Amino acid sequence: IIKTDKKFAENYEGWLEKQGFRVNKETHHKTAVEAAYILINKILFYKVLETKYKDLPRLSKVSILFEKDITNEFRKRLEECFRKALKIDYQAVFQHGIYDDIPLPKKLIQRLNEFLDEAAGYDLSKVESDVLGTIYEGLIPKDERRRLGQYYTPPAICDLIVKMCVNIPDALILDPGCGSGGFLIKAYYRLLEL
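Residue numbers for the sequence shown, in the numbering used here: 1441 to 1634.
Quick caveat, the hints were computed from the structure, so don't treat them as lab data.
Mixed in with the good hints there might be a few duds.
Quick list of simulated restraints, FRET-style, between CB atoms [to be verified]:
id: 1; residue 1: G1460; residue 2: K1501; range: 15 to 25 Å
id: 2; residue 1: N1481; residue 2: A1449; range: 41 to 51 Å
id: 3; residue 1: E1474; residue 2: K1547; range: 33 to 43 Å
id: 4; residue 1: Y1629; residue 2: D1445; range: 19 to 29 Å
id: 5; residue 1: A1560; residue 2: A1449; range: 29 to 39 Å
id: 6; residue 1: Y1629; residue 2: P1543; range: 16 to 26 Å
id: 7; residue 1: E1474; residue 2: S1500; range: 18 to 28 Å
id: 8; residue 1: I1597; residue 2: Q1550; range: 31 to 41 Å
id: 9; residue 1: N1481; residue 2: D1563; range: 15 to 25 Å
The structure presented is a predicted model; accordingly, all values stated were derived computationally and were not measured.
Note that CB positions come from ideal geometry on N, CA and C, so glycine has one too.
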């Protein structure tokens, strides 16, 4: 797309420069990998939100009549759902960024459609632990997590630290490097317990 879409190429290369990255093949690959991780994170987070906010539209498999339309229809559906989530809050997760402008290949959309179809069979409202951290640990190779600076604290350790630190029911909790939210989830349940 960098070679065929001049406007995207200009925005993307300007963004890379602001981030302090070089414009080269390796950076393009890293950006594509990070874009995939971010998209999966958004989808998983949205699926969890669906269980809490019943008025959110269901993000489900996109069915179309003509295969050539799948890319546009899938992107439209994601954008529609993510805009609704932005109205609740969650700007840090769903705010539109450069990663959202990267086109999705048809093969990826087919896999995401399969994932959404599979996810429809699970009741995510019953999940209390750090499901996103667990999923990422399984999906992202250890060396890749280390290179990206992504470290996941096991739920048992989050639980122990939170129980040691949160002792009153109106405690204020701050986790500036929250990642998948493991500490925040444990803190939420600890506050409910207190």
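Here is how each hint holds up against the structure:
1. For the pair G1460 and K1501, the beta carbons lie near 39 Å from each other, so the given range of 15 to 25 Å is not met.
2. Our hint of 41 to 51 Å for N1481 and A1449 is violated, since their Cβ atoms are close to 25 Å apart.
3. E1474 and K1547 have their C-beta atoms about 19 Å apart, which leaves the hinted 33 to 43 Å range violated.
4. Look at Y1629 against D1445: about 46 Å separates their beta carbons, and that is not inside 19 to 29 Å.
5. At roughly 37 Å, the beta carbons of A1560 and A1449 sit within the given window of 29 to 39 Å.
6. In this structure the hint that Y1629 and P1543 lie 16 to 26 Å apart at CB is violated, the actual value being about 40 Å.
7. Separation of E1474 from S1500 is about 26 Å and conforms to the stated range, judged on CB atoms against 18 to 28 Å.
8. Restraint check, I1597 to Q1550: a C-beta distance of roughly 38 Å satisfies the suggested window 31 to 41 Å.
9. Roughly 20 Å separates the CB atoms of N1481 and D1563, a value that falls within the hinted 15 to 25 Å.
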